[in-house]
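Participant: Given chain A, put chain B in place with the hints provided.
Sequence lines, in order, name chains A and B.
Residue 233 in this note's numbering sits at position 233 of the first sequence, with consecutive numbering throughout.
Residue 158 in this note's numbering sits at position 158 of the second sequence, with consecutive numbering throughout.
Keep in mind that the hints were calculated from the coordinates and are not lab data.
Incorrect hints may have been included.
When the alpha-carbon atoms are kept at most 25 angstroms apart in a straight line, the in silico DSS-like pairs for lysine-lysine are as follows [what the hints assert, rightly or not]:
1. A/LYS114 to B/LYS248
2. A/LYS61 to B/LYS246
3. A/LYS175 to A/LYS211
4. A/LYS61 to A/LYS123
5. B/LYS207 to A/LYS146
6. B/LYS45 to A/LYS61
7. B/LYS207 to A/LYS114
8. A/LYS146 to A/LYS38
9. A/LYS175 to A/LYS210
10. B/LYS207 to A/LYS166
11. A/LYS114 to B/LYS246
12. A/LYS61 to B/LYS207
13. A/LYS146 to A/LYS13
14. A/LYS123 to B/LYS207
15. A/LYS146 to A/LYS61
16. A/LYS38 to B/LYS246
Owing to the predicted nature of the structure, the values given are computational and were not obtained by experimental measurement.
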Amino acid sequence: MYGTYDLSFSYQKDGLDLSIEPQDGKYLYRRTLNGQTKTRTLLSSGGRLIINPVEPLNLPKEICQTLLVEFDPLAIEPGAEQMIYLTFPIEIGVFVAGRGNLELLDIFSWNNQKYTLYGSSEKGVIARWWPATARSSPAADLDPLKEGLLSLEIANTTREWVDISKVVLDGSAMKIYYGDLVSSQAWMRVLSTMVAETSFYDRASRDGQKKAVELFTARGLAGVERQRFLMDRGL
Amino acid sequence: MVFDFGLDDQISFFPSLKWGELLYIVFVILLAATVSKILTIYIRKTLTDKVKLSQLDLFIKVINYAVLIITILIIVPFFNVELGALLVAGGFASIVIGIASKSVLGNLISGLFLLFERPITIGDSVNIGSVGGTVTDINIFSTIVKTYDGVFVRIPNENVFTSEITNYVAHEARRFEYVIGITYDDDANEAIRIIREVVWSHPFALKDPSPSIYVDEFADSSVNIMVRIWAPATVWWDVRTDLLWKIKVELSKNGIEMPFPQQVIWFQNELKERVTLRPGEDRAQKAGPDEHT
Numbered sequence: 001m002y003g004t005y006d007l008s009f010s011y012q013k014d015g016l017d018l019s020i021e022p023q024d025g026k027y028l029y030r031r032t033l034n035g036q037t038k039t040r041t042l043l044s045s046g047g048r049l050i051i052n053p054v055e056p057l058n059l060p061k062e063i064c065q066t067l068l069v070e071f072d073p074l075a076i077e078p079g080a081e082q083m084i085y086l087t088f089p090i091e092i093g094v095f096v097a098g099r100g101n102l103e104l105l106d107i108f109s110w111n112n113q114k115y116t117l118y119g120s121s122e123k124g125v126i127a128r129w130w131p132a133t134a135r136s137s138p139a140a141d142l143d144p145l146k147e148g149l150l151s152l153e154i155a156n157t158t159r160e161w162v163d164i165s166k167v168v169l170d171g172s173a174m175k176i177y178y179g180d181l182v183s184s185q186a187w188m189r190v191l192s193t194m195v196a197e198t199s200f201y202d203r204a205s206r207d208g209q210k211k212a213v214e215l216f217t218a219r220g221l222a223g224v225e226r227q228r229f230l231m232d233r234g235l
Numbered sequence: 001m002v003f004d005f006g007l008d009d010q011i012s013f014f015p016s017l018k019w020g021e022l023l024y025i026v027f028v029i030l031l032a033a034t035v036s037k038i039l040t041i042y043i044r045k046t047l048t049d050k051v052k053l054s055q056l057d058l059f060i061k062v063i064n065y066a067v068l069i070i071t072i073l074i075i076v077p078f079f080n081v082e083l084g085a086l087l088v089a090g091g092f093a094s095i096v097i098g099i100a101s102k103s104v105l106g107n108l109i110s111g112l113f114l115l116f117e118r119p120i121t122i123g124d125s126v127n128i129g130s131v132g133g134t135v136t137d138i139n140i141f142s143t144i145v146k147t148y149d150g151v152f153v154r155i156p157n158e159n160v161f162t163s164e165i166t167n168y169v170a171h172e173a174r175r176f177e178y179v180i181g182i183t184y185d186d187d188a189n190e191a192i193r194i195i196r197e198v199v200w201s202h203p204f205a206l207k208d209p210s211p212s213i214y215v216d217e218f219a220d221s222s223v224n225i226m227v228r229i230w231a232p233a234t235v236w237w238d239v240r241t242d243l244l245w246k247i248k249v250e251l252s253k254n255g256i257e258m259p260f261p262q263q264v265i266w267f268q269n270e271l272k273e274r275v276t277l278r279p280g281e282d283r284a285q286k287a288g289p290d291e292h293t
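The following block holds chain A by itself, in its conformation from the complex (with noise of 0.2 angstroms):
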């Protein structure tokens, strides 16, 4: 489903009906899924309908820009570096683009949302919660229309063994690569038994992933956004 395409373009799979047509002069895009549709008009003399999967911070509305990803907890080794393979979930952006500038029409997911608060209610941030299992080999069978693979890389800098049953992550820095896999590279930088940091690498999980068109990016400031987040609040 991922790719880019011309400005008349139909996909149906999965309780999932898309379509762009052109009519009288415009374009009708139309998309239904869980018995919700949603229809924009174009005026447009043509372009391309580019899809790929974004951030997943936007459903059903956009409230915050925190993805938080819990998992059983782990006890890390002093010193050691390990790498941990989680899931996120899946948000689909579907882009129009012509005369060089980009539009998002729609953003849709197979995924329920869940969000959560990390830290107090006063000095916390909510974050979209989506619980996973970590394992030490990427999952074979992951649905890159529902899921993708976190990869992620702890280091504990400390000289204690470290609890670890969550990592936030800001994402305004999120980059997230696709083809047959959809995958996202973060790190985790534990700086004691309460405190780490976290960022993205911007980098692919295997030959032939395509990057994605990055929604945050798009929005924010150039050069302005956050980069790390500062998981200060409990590992």
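Facilitator: Positioned in the frame of chain A, the structure of chain B alone reads:
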């Protein structure tokens, strides 16, 4: 009509100033106004969708005040005013004006404190004293609130500063609660399970802090279940209104009803003697062995 003066001629009604200088001053003022306007439009065009509205308005105000101060500094020397003397004179003037216009200065100083302390920002849902609504602007002298009915209210900053301020969105999350009454015949554990599922299915009913659902009271007509839910402060009202009806629908679907207020009345035995029987009516049908309800 013929104008007979040169740019180097002094202005008759203001001898210390030449016509050329006056033109220059007018040009500087117009230029400053134009620059200020262009900067405001440019900043709004480029930053509106990238920074918070409150920060944007504050940034624009800082820019405009900066342009105003620069303009004054350029113009003031033409009026033979030395800046040092101006500051001394300004000091005395401010004392005199301060005494004469205490409330204006009070508002100004309160406004500056509010800008630094920032208990409220533009767009916040607040209660200031007896006024509840959304903050639409914070000026040097006053704060503008649009009430939930859409009414414009201007509150002097001195009042804002000295009033009790409740800011409903200052924190990231807030809690709200419902009391759900079910009949004494219904299973409270089942009702709690259903309510928990409905709350869990709502994206913005936060996972942590987790919702708290429990039997709270044996009331006159119902068993009351307390439901406490945390939601993001920006959407808590939407969540509150959305979830309440969903809970009602789901409980009804599972045969759990919310009772009307009701009262069981017991009559003493002797009242039984006063029951009037219609012709052909059986006494046993008319009333139970001991009581009538």
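Participant: Each of the hints needs a verdict: does it hold here or not?
Facilitator: Results for each hint:
1. A/LYS114 to B/LYS248: Since the Cα atoms of A/LYS114 and B/LYS248 sit roughly 22 angstroms apart, the hinted pair holds (cutoff 25 angstroms).
2. A/LYS61 to B/LYS246: Holds, at roughly 19 angstroms.
3. A/LYS175 to A/LYS211: holds (7 angstroms)
4. A/LYS61 to A/LYS123: Between A/LYS61 and A/LYS123 the Cα gap is close to 22 angstroms, so the pair holds against 25 angstroms.
5. B/LYS207 to A/LYS146: holds (21 angstroms)
6. B/LYS45 to A/LYS61: Holds. B/LYS45 to A/LYS61 sits at ~24 angstroms (cutoff 25 angstroms).
7. B/LYS207 to A/LYS114: Given that 25 angstroms is the threshold and the Cα spacing comes to 7 angstroms, the pair holds.
8. A/LYS146 to A/LYS38: holds (19 angstroms)
9. A/LYS175 to A/LYS210: holds (11 angstroms)
10. B/LYS207 to A/LYS166: holds (14 angstroms)
11. A/LYS114 to B/LYS246: holds (17 angstroms)
12. A/LYS61 to B/LYS207: holds (17 angstroms)
13. A/LYS146 to A/LYS13: Between A/LYS146 and A/LYS13 the Cα gap is close to 12 angstroms, so the pair holds against 25 angstroms.
14. A/LYS123 to B/LYS207: The given pair, whose Cα atoms are some 17 angstroms apart, holds under the 25 angstroms limit.
15. A/LYS146 to A/LYS61: holds (18 angstroms)
16. A/LYS38 to B/LYS246: Holds: A/LYS38 and B/LYS246 sit about 23 angstroms apart, inside 25 angstroms.
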